[in-house]
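Whenever a hint applies, use it, and build me the whole structure from the sequences.
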Amino acid sequence: MIGPYYRPQLTSMLSITHRATGVALAVASLGLALWLTALASGAGTYGRAMVYATSPIGRVLLLGLGASLAFHFADGIRHLFWDAGRGFEIKSAYASGYAVLAFTALAVLGLIWLLFLGERGL
Amino acid sequence: MSLRTPLASARGLGSSHSGVHHWWVQRLTAVALIPLTLWFVWIGPGLLSADYDSARSFVGAPFNALLLAAFVVSLFWHAQLGLQVVIEDYVHTRWLEISLQVLVKFAAVLGTLASLLALIRVTLGN
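Protein chains in written order, with our numbering: chain A, 2 to 123; chain B, 34 to 159.
It is worth saying that the hints were derived from the structure and are not from the lab.
Hints may contain errors.
What the hints assert, rightly or not - In silico negatives: residues of chain A with every beta carbon more than 12 Å from chain B:
(1) Tyr-7
(2) Leu-11
(3) Trp-36
(4) Ile-58
(5) Val-61
(6) Lys-92
(7) Ser-93
(8) Tyr-95
(9) Ala-103
Stated by the list, open to error - Some chain B residues well away from chain A (every beta-carbon gap over 12 Å; in silico):
(10) Leu-36
(11) Arg-37
(12) Pro-39
(13) Gly-52
(14) Thr-126
(15) Trp-128
(16) Leu-129
(17) Glu-130
(18) Ile-131
(19) Ser-132
(20) Val-135
Claimed, not checked - Computed footprint of chain B on chain A, listed as stretches where at least three residues anywhere in the stretch have a Cβ under 8 Å from a Cβ of chain B:
(21) 29-35
(22) 69-77
Keep in mind that this is a model prediction, so the values were computed, not measured.
We treat Cβ as the ideally placed atom computed from N, Cα and C, and that holds for glycine.
If you want it as structure tokens, here you go:
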């Protein structure tokens, strides 16, 4: 794909981002397993796990994770429509691509509020 | 000796030797993950701010534990199918490719088992 004659396009950029976010989320799913294991292990282990998860670095990771999840979720639905044979026209493919980006941007705003600005103090 | 012609045994299976099974399960888990992810995102913020006892009683509630188990199984299944394709497409050193594939499968099974065991322990309360 990348070569001297390649020109970046929305469609291919979203495609590779779908893969990249998928890989990131796959790694993160091990974090979910660790979190559940910590919860089963007892209050001490769980407390330490939550200190890491809610530390500044943890929050930044959760933001990246949430953004990846929002993108992969929305773009995944876009892919399912394609699998059903719908939305293949260039115009539709671009429109749905921009919709995915808009959804992701909204999710990032929500996550920033939730993780860094909200009053509940996650 | 098989009486089937080579064409008959190859038809419908393609280069993966497993036909459309991988493709289908990838979509099946994707569809399952749509409602499960929405639910998980809905409960996630509350769990992050909850203390140990409330997090444990929430996760241990039968319906929540069931949905979490379904989420975790679909998630790891979907993840390892996706990683398999990424490795197939980008890793062309044979020994490294095989090693990564094995590593991914093992990690996915371990992650699933660890999550399910943890859910059972939390549900049974010890």
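- Broken hints, numbered, in rising order? 3
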